[in-house]
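Chemist: Please take these sequences and the hints and turn them into a complete structure.
There are 2 protein chains.
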Amino acid sequence: MKLYNWQFAPNCRRVRMFVIEKGLNLPAIEEVIGSGLRLLPQYIEKWPHAVVPMLELDDGTRIAEAAAICRYFEDEHPEPRLMGRTSVEKGVIEMWERRGYDELLVGTGEVFRNSHPEFVDRGLAGTKDPVPQIPGLIERGKGRVRRHYAKLEDQLRDNRYVAGKAFSFADITTLCAMDFAIAVDMPIPKTSPATQRWYEEISSRPSAKQSL
Amino acid sequence: MKLYNWQFAPNCRRVRMFVIEKGLNLPAIEEVIGSGLRLLPQYIEKWPHAVVPMLELDDGTRIAEAAAICRYFEDEHPEPRLMGRTSVEKGVIEMWERRGYDELLVGTGEVFRNSHPEFVDRGLAGTKDPVPQIPGLIERGKGRVRRHYAKLEDQLRDNRYVAGKAFSFADITTLCAMDFAIAVDMPIPKTSPATQRWYEEISSRPSAKQSL
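As given, the protein sequences belong to chains A and B, one line each in that order.
Once you know that position 42 of the first sequence is 42 in this note's numbering, the rest is easy, because the numbers rise by one and skip nothing.
Once you know that position 206 of the second sequence is 206 in this note's numbering, the rest is easy, because the numbers rise by one and skip nothing.
Derived from the structure by calculation, the hints contain no laboratory data.
For chains that are exact copies, the list does not tell them apart, and a pair is met inside one copy or across any two.
Dumping the calculated PhoX-like pairs for lysine-lysine here, alpha-carbon to alpha-carbon at most 25 angstroms:
{"hint": "1", "residue 1": "46", "residue 2": "165"}
{"hint": "2", "residue 1": "22", "residue 2": "209"}
{"hint": "3", "residue 1": "151", "residue 2": "46"}
{"hint": "4", "residue 1": "209", "residue 2": "190"}
{"hint": "5", "residue 1": "128", "residue 2": "190"}
{"hint": "6", "residue 1": "151", "residue 2": "128"}
{"hint": "7", "residue 1": "2", "residue 2": "151"}
Modeler: Here's what the structure looks like:
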């Protein structure tokens, strides 16, 4: 089994952190980023979807999308449960996980990709066609992040973890997205003490450090 | 149990179609769309995340995000399996399901929300702040849809269903997104006979018709 990886991509870190939380060793890792933060041409030739992470199983099956890869590991190695035990837990974890992705991670990605000079004409991942940067998305992305921070603060005021009482995949996605937001100059607001408390707790987990 | 619904929203249809495929009766449904395609104020007061669909369980638990709601039903009523039986099936279905959402549904949403006069200042769902339309997203959204149509054609040339041999949640998300794309004037390309064949087959399922 091999994980095609870009060490600094938040989506790749989601998978690495998930695997470490499961108590597994990381699969063999192949780095696929070349100069100018571009995917190596031989990787795109192998995987025309042109995204990381991608997990290649020993029988040749390929699974991409961080959450789909994590789903595979959750089923192969059910304990510790990171996607919920009961139906309700599974639903609530997935709700917060998808929100963390759609709002915090995609919002930060909008800010990053539409402002970084290396991403001129690469406004979206996974495409060989040029996709021009859209400056209006910088402000819009900041708004998405700001609104998600507010939602998180409401949630974490009453809950130890993002999806409730137990640590879950929702915490993993949220932490990886938040570290990305912080790196792109969108720190946790001073008005968010519960989020700060959560961030310190989750960041201190061995999986958070080892996945960096 | 009650499902808060906007009959014409593709995300709501994903849930309705999923429930019907499970052979279940739809939960009690409350329509929450008022004039100007706006969520009713009493719904936003109840659910400040301000999105549909949202499933409210009898104990008051609320689950939003179409995929999270479907996850709940998959676990409560495992048969017929729509999210996979083996680890690999689960991973591959989720990969295609997330792509169908991120590329075809979000791409079409970008075209729709940034061009429709009723969505001035509502460029994103789930926010009370005004989010201005960004005209550049119309073209970018069309590109996302076009690229996803090309990927689907490659996949459906060799597979009966979107995620392989079995009908799954990936087909549901893809069909609901595709009907949205078609309504927004992005029909299946003439160069995509396999996709057309798949579309006719999936559209003729009772769940596809009953969920409209």
